[in-house]
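**Student:** Put the two chains together into one complex, using the hints given.
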Amino acid sequence: MVSILEQPLAIPGGLRLASNKSQSLRTPVRQARLPERLIVPLSQHIGVPAEALVKPGDKVLKGQLIGRSTDYISAPVHAPTSGTITDVGDYPVPHPSGLNASCVVIIADGEDRAADTGLKIDQVLEADPADIRQQVRAAGIVGLGGAGFPSAVKLNPGPDRQVELLVINGAECEPFISCDEALMCCCTQEVVNGIRIMQHSLGAQQVVIGVEDNMPRAIDCLGKSLEACGANNIRIVPVPSLYPAGGEKQLIYALTGKEVPSQGLPADLGIVCHNVGTAAAISRALIDGEPLISRVVTVTGAGVAEPCNLEVRIGTPIADLIEDCGGYTQDIAHLLMGGPMMGISLASDNLPVIKTTNCLLAASQADIPPPKAASACIRCGECVEVCPAQLLPQQLYWHAHARDFDKVQDYNLFDCIECGCCAQVCPSHIPLVQYYRFAKTEIWDQERERQSSDIARQRHEFRLDRLEREKKALEERRAKAKKALNKPKAGDVDDKKAEIAAALERVKAKKAQQDANAKNIDGLSAEQQAKISEIDKRRAAQNTTTGE
Amino acid sequence: MLTAMLAIGILAACFGLLLGFSAIRFKVEGDPIADQVDAILPQTQCGQCTYAGCRPYAEAIAAGEAEINQCPPGGEATIQALADLLGVEPKPLNAEHGEHKEKRVAVIDEQICIGCTLCIQACPVDAILGAAKQMHTVIESECTGCDLCVPPCPVDCIDMVEVAQAIDSWKWPYPELAESSERA
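If you read the protein sequences in the order shown, they are chains R and S. So for the first sequence, our numbering puts the first residue at 230; every next one is plus one. So for the second sequence, our numbering puts the first residue at 409; every next one is plus one.
Since the hints were derived computationally from the structure, they do not count as laboratory data. It cannot be assumed that every hint is accurate.
Claimed, not checked - From the structure, some residues in chain R lie toward chain S, with a derived Cβ separation under 8 Å:
#1 R666
#2 E671
#3 R692
As the list claims (entries may be wrong) - Estimated spans, in silico, between C-beta atoms of each pair:
#4 S/P560 to R/K709: 26 to 36 Å
#5 S/G483 to R/E704: 34 to 44 Å
#6 R/D639 to S/D534: 30 to 40 Å
#7 R/A247 to S/E475: 53 to 63 Å
#8 S/A540 to R/E704: 16 to 26 Å
#9 S/A431 to R/E697: 26 to 36 Å
Ideal Cβ positions, reconstructed from N, Cα and C, are used throughout, including at glycine.
Just chain S, with the same shape it has in the complex (with noise of 0.2 Å):
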């Protein structure tokens, strides 16, 4: 009997010992999941899943805070990728937080720019360039389309325009389409 409970209080302490120095000797820096998670997103930084930028909302929806429908700029495919990073049922977008669209890009009218610089201070990714009471603009390439600049613009001379088809980034359309017109 004793022999027994020796032996079982032995064994419990060394795995205690074991388990409690793996704890602290393979911990993992940061939430492995909210990175994948932000991995994920879009990155267009445009707050309308009412968080404060991708990373914040990828970690509400690690600590399960959040839906995983509420990105429109990812709209149905980034859905559909955090339903299989996560293992849940996809849902459709949550029109509460706006619908997806093509992606735009920022333009702002040169000719009626004051320089105020408020649309700089709302830039997530720091694309626009300028100074106080100097013309600004934006930089096409680092734009995410996140609208955030248009609503502090005192004279609304920001404009979003979809971007021009190019023709090295076209993509063949799907066959589908092809085929009901073919058969109409």
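One chain only, chain R, in its complex shape (with noise of 0.2 Å):
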């Protein structure tokens, strides 16, 4: 039974970061410029990416299904206005390879004129469970925190699972990026209603919001709209600020104490996680009808004119989006997507907002110091006062240094959420999280190798069989047929003779059976005698005039 603590713990670890919030917040969430062209990935979600179904030149509304989802863990993608497409291939997208993906590029008419999308639900709250998760398909709907796990899948816990509590993530614990926060406060509405909507769909009797406790406006505002819509089961927790208290695993340990198994989930523990803003999607979709094609996205740091939080359309370009907040500043160093902390360096702008977009960091140098070079580990131990996952980073970084992919697993690398608190503290300076994410995508690698030459193997086998199989048969034809060939030569027409006249044999044995068995003159008149009789005889005379 899991129950919410009187009083929430600490997480194992963690850092004390200045939270830079404040200058994104000065102002409430406001509307992005409608930009003109969109670049629309078709993977923006963990899974499968969606398949395109359309081509250069049709015409889309907004909230159009324009890539359908192709598996369970998929999701599909809708177009963010309305417009034409004009070409579907592959862009840069925002991800740490720098590589292309496929994309739909949409330039919009500026009517942004909306579809049917047939998401409503009348009566929600008493709707079946299993349409509200098929709608959240349906709607694109995926964790907006930044993993983006489609969050369909997420509600639906399996038969055998009973979900006891529903934990509703608003602890934003990384510096910079205040988007929840914001949101909290301008759709507080929609997060409650989503709120309440999943809580039905899971059947979960408890319900929790985790906030950190410094967000006090965040916290009076939800609690009023819970009061006012009398869902007085559904608890606010403020969590002590403390980096990262807001990862799913150290949140759930927070508000229940309880911590979820290594390399398991919190579904496990009867605990289902979700994002607040993941909570204002689901009221969208399901109330208002509307998919996801935006979200609000923070746009801070000294690099950027006017930091604030923005609602914006999925697919603006980020060159767009920073225009739109007053330009770059002279300070402009790096631009990340994410926080500081976790977030991921882009290279450029070019590249456009997708569903997991929760921060755009334009940081100067102030905000993210250059690395300083790294020197040897000297065991100081820092690092495993700081690990939220209770780690040992020290043995971490040890064995994927030397790629002893089997040791860094056996102290559980997999559970490392990269935080980056151990390489934040390392007085060597090391890149700890860089050395963690190699041997991650090395081990997976690994895996798909040993899995394709299983597959190679298999083949092979199948092919040497196939090959022996046909060997066999192809000696059994010959073997039939030198048989053939060597029959004794000697009495070869005797033989022929023989076949011959046994034939006739049974021909005639055949004629002489058909005869006694004629049933056409069987039982005949006289008359009808003496005239065959009189035929017969005729017959008998022609033949010996034609024999002459």
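**Tutor:** Below, the structure is given as structure tokens:
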């Protein structure tokens, strides 16, 4: 039985970081300008990429399906505004590799005409949970906290699992990012509606919203809204602000004191965790009928003139968004998607905003100092103190450095959430997280290679089998042919004559049998019999004359 | 004296029977070491090791007839894994058998292909599709990049091309390279 603690716990490890959120929270959330050209990637989530349903020249409406999901763990993609498709092809996407991926390019017509999506459910709080999941899936909703896991999958814990507690993650712990806080203040009603839909869909008895204690305004807004709609079974718990308290497993520990097992899921404890942004997106889809085509993005850092939070259409080029916020200042040094701890560095601003873009950080040198040269590990143990997953970062580093991928997994590499606390405190400035990321992708690659070599082995063995079978069949045929050739030559003619005689004999016997069995000459009258004998006589006479 | 001899004799007979019984009852089918070696080999089936495929090479290694450094597609990683498995010292790849290359796949130029089926017969994993006097094509996902289809082609229409880097199989680089470039 999971219960919510009266007093939330402090997470193990973690760091107290300067929050740097106030600069983007000075103004309320506003709508971003609608760009002229939108680039919508077909893969903005964890899982199989969507499959494009449109081709260049097609006209689309806002909210129209342009990419359908092809697997259970996948999400569809919708047109963020009305316009014309100009291309379906590879464009740069925000990804650490800097590689291109399949995208749909739309030139907006400026009318922003909405399509009828059919996502609305009347009386949603009494609807069948399966229908709710179906519509959440159809709306392309993925976890908006940053991972982008399809939400419909998380709303389906399976028939043998009972969800006792729904945790709503509003503990936005990473510095600079304030999109969830802004959302909780500006769209409180949507967040609350979304939470109630999820609670109904999961059948969870308890719901708790975890919000960092340095967001009093968000806590106040949520409290008032919950009171207004009489949802007194939903609790708001302020958690101590400590990075990374907003990690899924960390937040669950802080709120319930329970640890999610290594490599397990919160569902193993009867808990499901969703982000506040996801809740708002679900409300928008199921109550207002709008699929996931926009989200709140924090644009901040000393490198941008007017830091703020904006409601941005998916597919908006980052350059347009920066322009909308007054452009770059002269302090701009790096552009990141995400925060300074876990964000990915972007090589250019010619990239689109995607479903998981929570923050664009135009950082100055002061915001993110350049990395210092790494020196040897001195085994001080600082990293162990701060690790929120209670791992041994120096051991992980040691084995990843030596490319010993078995050992690194023995130290539970895959429980690392890549929060960056260890690298932050490392006095030797070792880029620890980069080693863990390297080891993780290397292990995944080995796994893929092992699978493909297993397939190759099977195919090769099958081929050898087939060749063997064919060889045998050929040999049999040859042996048969040879046997036929090798039959004794002497008496050949006699044999054939005997065969012919036998055949004639058979024909005769058959004829005799037929005559004996002839039915049309049975029981004839005397007159008929006389006629037959007369005909027979004539025939015989004729035969003798022609014979002569 | 006699009792002792009798006792030893009976004991010896008992243990002999026990051993004989377990040799029959718990007999291991196949060659477990060759299986383990085969599981490590990349299954390219290219024959660069001079054996007719990965399985024969695995059996030769298990029998102690072949060295562990004859597999160019596997490269250092395979040699290391084999050395760990067999408890021997890893050796550098034997250059006689070729050098380690990034994974490639065969691509048939369909304009030039005359449909002679020679490549189909050469492919160790049946990854080429086609029939006599019909155009052939390679099933990319099944191709192991073994190069065996290239020499038999009478019109030279098969190219080995490097697999384009895909976003979902992209790997983070080893950080030391990043470090040294930062230092420079």
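**Student:** Would you mind marking each hint as holding or not holding in the structure?
**Tutor:** Against the structure, the hints:
Hint status for R/R666: holds, given a least beta-carbon distance of 4 Å to chain S, under 8 Å. The beta carbon of R/E671 is positioned within 8 Å of a beta carbon in chain S (closest approach about 6 Å), and the interface hint is therefore held. Of the supplied interface hints, the one on R/R692 holds, with its beta-carbon coming within about 5 Å of a beta-carbon of chain S, less than 8 Å. For the hinted restraint 26 to 36 Å between S/P560 and R/K709, the CB-CB distance of approximately 32 Å keeps it satisfied.
Checking the proposed 34 to 44 Å range against S/G483 and R/E704 shows it holds: the Cβ atoms sit about 41 Å from each other. For R/D639 and S/D534, the Cβ-Cβ distance of about 39 Å falls inside the hinted range of 30 to 40 Å, so the restraint holds. With their beta carbons about 59 Å apart, R/A247 and S/E475 fall inside the hinted range of 53 to 63 Å. Between S/A540 and R/E704 the CB atoms are about 23 Å apart, so this pair conforms to the stated range of 16 to 26 Å.
Range check, S/A431 to R/E697: about 31 Å between beta-carbon atoms, so the 26 to 36 Å window is met.
Hint compliance for this structure: no hint is broken.
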